[in-house]
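There are 2 protein chains.
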Amino acid sequence: MTEDNTIFIGGKPFMNYVTGVVMQFTTKNADEVNVKARGKFISRAVDVAEVSSKRFLDGTVEVKDIRINSEEFENKEGKTVRVSTIEITLGRK
Amino acid sequence: MTEDNTIFIGGKPFMNYVTGVVMQFTTKNADEVNVKARGKFISRAVDVAEVSSKRFLDGTVEVKDIRINSEEFENKEGKTVRVSTIEITLGRK
Numbered sequence: 235m236t237e238d239n240t241i242f243i244g245g246k247p248f249m250n251y252v253t254g255v256v257m258q259f260t261t262k263n264a265d266e267v268n269v270k271a272r273g274k275f276i277s278r279a280v281d282v283a284e285v286s287s288k289r290f291l292d293g294t295v296e297v298k299d300i301r302i303n304s305e306e307f308e309n310k311e312g313k314t315v316r317v318s319t320i321e322i323t324l325g326r327k
Numbered sequence: 235m236t237e238d239n240t241i242f243i244g245g246k247p248f249m250n251y252v253t254g255v256v257m258q259f260t261t262k263n264a265d266e267v268n269v270k271a272r273g274k275f276i277s278r279a280v281d282v283a284e285v286s287s288k289r290f291l292d293g294t295v296e297v298k299d300i301r302i303n304s305e306e307f308e309n310k311e312g313k314t315v316r317v318s319t320i321e322i323t324l325g326r327k
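Chains as they are written, first to last, in the numbering used here: chain A, 235 to 327; chain B, 235 to 327.
Chain A on its own, in the form it takes in the complex:
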């Protein structure tokens, strides 16, 4: 799968992301779409995956895999900060 099929969840309007996922499956005919998020946007990524697969693509798309992980980075003060990540793979049934 190429990175083109990945949707990164952030602070844009919720339906932008849902539409992005749905269009990957419909107009771009993707077999799989990855929904990724970090930190506080993880809850939103789950919402996007649930609404896309159950409300808009019900019967044709389902959750195939969910992975969680941690990333570490240095903040402005030079302190190491840990942040959780999620990656939800949606695919055709």
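Since the hints were derived computationally from the structure, they do not count as laboratory data.
Errors might be hidden in some of the hints.
Pairs count within a copy or across copies, as identical chains cannot be separated in the list.
In the SDA-like style, the derived pairs of lysine to any residue whose C-alpha atoms are separated by at most 25 Å in a straight line are [as the list claims (entries may be wrong)]:
{"#": "1", "residue 1": "310", "residue 2": "325"}
{"#": "2", "residue 1": "288", "residue 2": "299"}
{"#": "3", "residue 1": "327", "residue 2": "304"}
{"#": "4", "residue 1": "313", "residue 2": "266"}
{"#": "5", "residue 1": "313", "residue 2": "294"}
{"#": "6", "residue 1": "274", "residue 2": "289"}
{"#": "7", "residue 1": "246", "residue 2": "304"}
{"#": "8", "residue 1": "310", "residue 2": "239"}
{"#": "9", "residue 1": "313", "residue 2": "325"}
{"#": "10", "residue 1": "246", "residue 2": "263"}
{"#": "11", "residue 1": "298", "residue 2": "327"}
{"#": "12", "residue 1": "288", "residue 2": "257"}
Starting from the structure of chain A, add chain B where the hints point.
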């Protein structure tokens, strides 16, 4: 697995939940612990699972399974509201 091994994530201090998970594995000798959350607490559930398994129980406990789902309920105005849920199963390696 009994419901005793389930930790529901809410608005209490973060380390309360991490301690809860760690104690299930250590003092209660559980084989599996379920971390559950709804809505905005989903991000926190992922944090609890990551910090418990990677910082406190590294090498002995790992993420075994992650399930997401939707629940519907009626709010005070009688409107049907959808909320996402997550269930993360941590288990001994």
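Exercise. Can you list which hints this structure breaks, lowest number first?
Worked result: 1, 4, 5, 8, 9
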